[in-house]
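Colleague: Could you build all of it, start to finish, from the sequences and the hints given here?
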Amino acid sequence: MRIRPSGLLAGIRDAWRPAGLDEARLLERQLDRARTSLWVTDLAMLAVATLFVWMAGPLIDPYLAVAWLAAMALNPLSKFWLPRLARGLDSPRLITPELVCLQALVTALLFIVMTSWLFLRGNDELRMQLGILSAGVLFAEALSYARFPPAGMVWLGTLVTAALITLWQIDRETSLAAAVAVLLYAAVVTRDMLATSREFVERCLAEFEAERQTQMVALLLTDFEDASRDWFWACDAHGRLTHASTRLAEALGRSDASLLGVGLIAALETANASRRTDLANATRLLASRLASHRAFRDLILPLQTSAGSQWWSLSGKPLLSGRGEVIGWRGVGVDVTADQIHRQELERLATRDSLTGLANRHAFNHALDTCFHPAGPAQPVGLLVLDLDAFKAVNDAHGHGVGDRLLAAVARRLEKPPGGSTRLALARLGGDEFAILLAGAGGPMAMADHSRRVLENLSHPFLIGDLRLEVRTSAGLAFAPAHAHNRTDLLRCADMALYAAKMKGRNTLVVFDEEIGTRVSTRLRRTHELSEAIRRGTLEVHYQPVFEAGGGPPVAAEALLRWRHPHLGLLPPSDFLELAEESGLIVPIGLWVLRRACADAVGWDRPLRVAVNLSVRQLNDLGLVDAVRKALSDSGLPARRLELEITESTLADRRIARRVLEALRALDVQLALDDFGTGFSSLSYLQHFGFDRLKIDRAFIQPLLQPGGQAMAMLRAVIGLARALKLQCTAEGIEDAFQLRALQELGCDAFQGYLLGRPLTNEAFNALLAAPEAVGA
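Take our numbering: the final residue in the sequence shown is number 808, and no numbers are missing along the way.
Honestly, the hints are just simulated from the structure, not real lab data. Hints may contain errors.
[Stated by the list, open to error] Heads up, simulated DSS-like pairs for lysine-lysine below, C-alpha to C-alpha not over 27 angstroms straight-line:
1) 447 with 423
2) 533 with 447
3) 348 with 423
4) 533 with 423
[To be verified] Taking CB as the label site, the calculated pair distances span:
5) 223 with 268: 37 to 45 angstroms
6) 553 with 795: 51 to 59 angstroms
7) 410 with 268: 48 to 56 angstroms
8) 601 with 723: 28 to 36 angstroms
9) 375 with 566: 25 to 33 angstroms
10) 721 with 741: 28 to 36 angstroms
11) 379 with 490: 25 to 33 angstroms
12) 281 with 373: 18 to 26 angstroms
13) 488 with 553: 31 to 39 angstroms
14) 492 with 723: 26 to 34 angstroms
15) 698 with 379: 47 to 55 angstroms
16) 322 with 273: 14 to 22 angstroms
These numbers come from a predicted model, not from an experiment. C-beta: ideal position from N, C-alpha, C; glycine also.
Modeller: This is the structure:
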């Protein structure tokens, strides 16, 4: 255990070395500096002692002089062998305050004893020389002991005491002034020594505090790096790493120490040999930023680390000297891998179809745009647009899950090109529509052959679970620059070719030409005109009378739509209903006809039934029931006077049809199955749906004029079936008296056709009802 000094020595120590956390460290620094700084002054003191011996000459015995000089020479060495001896005695430290003070005392005695002896024996000249040189030695050695003032006080106290004793022995009257001078000189030296000591202590404490702050910052940075995605880096002016965090070293697969002095860019490139191409642009940009001495933020670097693919975001700013020169860089790095993956996923979702994994319409449009220069495509390209025929039937029959799996299977098959042309892009545009962008040295002919092979590949059955599904595909093909010079026109031409393929009978490929463009353009223009007709009110409802078998006035009327075209005149439904179905205009047109027929029927002179046809789209709309209810309410027409005619084709979705028809029957309207006999499941429909009337299609009526046919037998069976089911039976399309007599003989209930009455405007039909001679057959 180290013995703590007490008394005056302790007071001096405590005054210049504050207690606290740094006490032990400061003491160790003071002792170490005091020991190492005495070498020069000890050697100087040996030189002064040698000079004293030379100046004393015969006053000193040579043997004594040699012994003194030898002791003075061995004294500096004792500062090293005494600590080693202390180590052998299990001392806790090599240098102790007591040892340093003891060394100061020994050094002072070695010097002052012989110097005082020479001073007493020498003449005035020698005394003057000894006093001057001794004063210099006292000052120099005191400043060397300034790092540890207690030892300095021992040194000064010993020399001053010896000096005073020596002066007292020479001449008490004259030595008094010299003693005062010695004391004043000692006080000045003590002040300077203590001031120097204080500066040294303050400097040491400042260093300790700076180190403590540095350690605290390092600890905080380490905790920050451990708790976040951020890490810090520092480089010198040449881009060599001077600080590398543990996270950076781990990511690069190296140790912290091995990164120091390595160029930042070189370290990044070495760790990313497999992704050098991806990293090249980023590292070039980083190098340019470092060379430009400008701060930068959020520079994204793709890396291939031991943990896999990562992305780092680097930010940094230059460190400037007082003259504005760059002396280094400091910055922060952030692991933004999760953000980049999220961004890539968003980009994928924005450009890929989630069901099939193919490019979506947005990405495909971008691919099309890249094919076109301001004057047109750089090379001939072809756009193949495909649409699965009757895909809705697959969804209706097997559910949307099977339909989705079928679309995914179609996409996988489309991803395997049959060869012949180069594919630039493949996409699902939406629904059951796909598109392929083609390019080939063989030109349009080669691309057309490629397209036919695509359709042939799709014609092979698809196995979806236990189902074996066959797909037929319609396709349209257009070329640029032959047909278009921009993306919009090329898509429009391919769509028109696809439309022509569907009109041609489906399951075929049609290559766009000017005739198709003209025909489709005409159809699109007609669609626009039909839409305008709804808005302008140029659609009309005509009424064809229905008569009972016994003759007499009309008992009902069928509402038939007409379009009074501004250029083509009055158009029958056959000229535009298909167009209305395809464009979706059939829904607003059908609602308008329903409201118009109800309103007109209320104003008739006789309370006849009015029959209104329903389209497929209307029957599949759950809002139809409300529309019928509102039309009856607004017009005031009794529900029993409204008859809704439904064809077999509208009943494909039995679940929806049953729900809608049951709701309509709840309104007390009448239901008629129109065009009976033209479908394969008419008997099933009659069994499952509660109809009031059965209408025989004209396809069964016309053969009555042909000799030797089986028309009579077919009609007899149909009419007999209606009677057995207690259904009213109406024959439509009667154009000949023979047909009328034959149907009367078979017992048909009602008749409709040009022979009995043509469709009339509402005014003409009401006039017919008002005429007393308004009778039928």
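Colleague: Against this structure, judge whether each hint is valid.
Modeller: Now for the hints, and whether the structure bears them out:
1. 447 with 423: Given that 27 angstroms is the threshold and the Cα spacing comes to 25 angstroms, the pair holds.
2. 533 with 447: 25 angstroms, holds
3. 348 with 423: 62 angstroms, violated
4. 533 with 423: Roughly 15 angstroms separates the two Cα atoms, so the pair holds.
5. 223 with 268: 37 to 45 angstroms: 42 angstroms, holds
6. 553 with 795: 51 to 59 angstroms: 32 angstroms, violated
7. 410 with 268: 48 to 56 angstroms: 51 angstroms, holds
8. 601 with 723: 28 to 36 angstroms: 32 angstroms, holds
9. 375 with 566: 25 to 33 angstroms: 47 angstroms, violated
10. 721 with 741: 28 to 36 angstroms: 30 angstroms, holds
11. 379 with 490: 25 to 33 angstroms: Because 31 angstroms falls inside the window, the suggested range holds.
12. 281 with 373: 18 to 26 angstroms: For residue 281 and residue 373 the Cβ distance comes to about 24 angstroms; the hint holds.
13. 488 with 553: 31 to 39 angstroms: 34 angstroms, holds
14. 492 with 723: 26 to 34 angstroms: Violated - the Cβ-Cβ distance for residue 492 and residue 723, about 44 angstroms, lies outside 26 to 34 angstroms.
15. 698 with 379: 47 to 55 angstroms: This hint holds: roughly 51 angstroms between Cβ atoms.
16. 322 with 273: 14 to 22 angstroms: 18 angstroms, holds
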